[in-house]
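2 protein chains.
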Amino acid sequence: MKTLRVPEATVTRLSIYSRFLERLDRNGITTVSSGEIAEGVGVSPAQVRKDLAYFGEFGTRGVGYNVKDLMKYTLKILGLDQTWSLAIIGAGNLGFALCTYYGFNVRGFYVAAVFDIDPTKIGKRIGKLEVQPLDSFPEVTGHEHIRIGVIAVPIRGAQEVADLLIKNGVEAILNFAPMALNVPDHIEVRNVDLSVKLEILTFNLGFRAAQNL
Amino acid sequence: MKTLRVPEATVTRLSIYSRFLERLDRNGITTVSSGEIAEGVGVSPAQVRKDLAYFGEFGTRGVGYNVKDLMKYTLKILGLDQTWSLAIIGAGNLGFALCTYYGFNVRGFYVAAVFDIDPTKIGKRIGKLEVQPLDSFPEVTGHEHIRIGVIAVPIRGAQEVADLLIKNGVEAILNFAPMALNVPDHIEVRNVDLSVKLEILTFNLGFRAAQNL
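As they're listed, the protein sequences go chains A and B. Residue numbering for the first sequence follows the numbering used here, starting at 3 and increasing by one per position. Residue numbering for the second sequence follows the numbering used here, starting at 3 and increasing by one per position.
Calculated from the structure, these hints are not laboratory results. Since the model is a prediction, treat every value here as computed from it, not as a measurement. Among the clues, some could well be false.
Because identical chains cannot be distinguished in the list, a pair is counted as satisfied if it fits within a single copy or across any two copies.
To be verified - Using 20 Å as the maximum straight-line C-alpha spacing, the simulated SDA-like pairs for lysine to any residue come out as follows:
1) 74 x 60
2) 199 x 10
3) 199 x 184
4) 199 x 112
5) 199 x 114
6) 199 x 77
7) 123 x 102
8) 74 x 57
9) 78 x 58
10) 70 x 128
11) 169 x 119
12) 199 x 102
13) 130 x 142
14) 169 x 135
15) 52 x 15
16) 199 x 87
17) 130 x 114
18) 126 x 27
19) 199 x 43
20) 169 x 184
21) 123 x 134
22) 52 x 209
With the rest of the complex left out, here is chain A (with noise of 0.2 Å):
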């Protein structure tokens, strides 16, 4: 494992293998098989099995899994069997959106904080934040230990956000500004773009459409 690359694609399943997981020992059941977590993902039974298999061996042949320690290890390697404290900055639409978002307060991760840099924002409510002042988020980060940094500001404010966030102890950075940041080999970016997403659906529409299914 020391020196494997995992593909992102299969970090992506794991951590939807995961949350499937979460769901069977909610309901009690304890044992499940690769072809039962493929039906329930959406993908083939080789594809989790394969999957799996970059990380050691698990399950019994004929048995299958036990529910509570594949959910257990997959948290682990997902690093999500510690807290991670996140910021959002941008206290706009996407930024007022991202705070409440159902995903960032579960399985280990919680919006600490929220900044911006308009007057006009600074003080307003969002859930049981209030927006602070990007100038206070060395001292924030002080008390909350801020892990990861959500930059959710226009293209021209980015970058110097990242900065801030990267001087500061920040770790990681999930960036929706469309643009492409300079940050040190340390710290882990992931960009999100929506827009992808619906090239793939006109893509597919499209792509059928030429096989005339």
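Assemble chain B onto chain A, guided by the hints.
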């Protein structure tokens, strides 16, 4: 090409190459090598060549690709040689953010209408759009021919919205509700789960720590 199955990761990268080519074209650049595309978007040159090979023979050895031709071809493959009108269903924070989302109003896409069922939201303006009652969807799509529906409503309303969209001729759905929709086979659906992106970040941080990098 007829019976080929193209991996979704390839389509995702094709969408990214296509934007990069647009940028080159805007800057008056006429030829580009796979190495330059690779560097511009952050993948390996072999990956670029492999991805493009799914769709035919491009470029001239030692010369590279004609930017304008390859750009047009990628747009055609992605189904972006035609216009796609979107409707956003749900005018909460997320719906608001999506209506004005840059990527939803370029490259053949445009947000034609936004709907909600909440009387306090109907009639509100978002940019140049006015929130319309969901009941009026059939009438609106009669004028606008809405092809893609973007579901930004809570879980409990999502299936009903999907059914209404499909009944009224929508071909594809981008679903932000954290649940699996039941749709007929001929409807393309992609789910957007932003928390998966967070888990890729935490996986990479943990994995890197395990490798002592």
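Hints violated by the structure (numbers, ascending): Hints 10 and 18 are the ones this structure does not satisfy, whereas the remaining hints hold.
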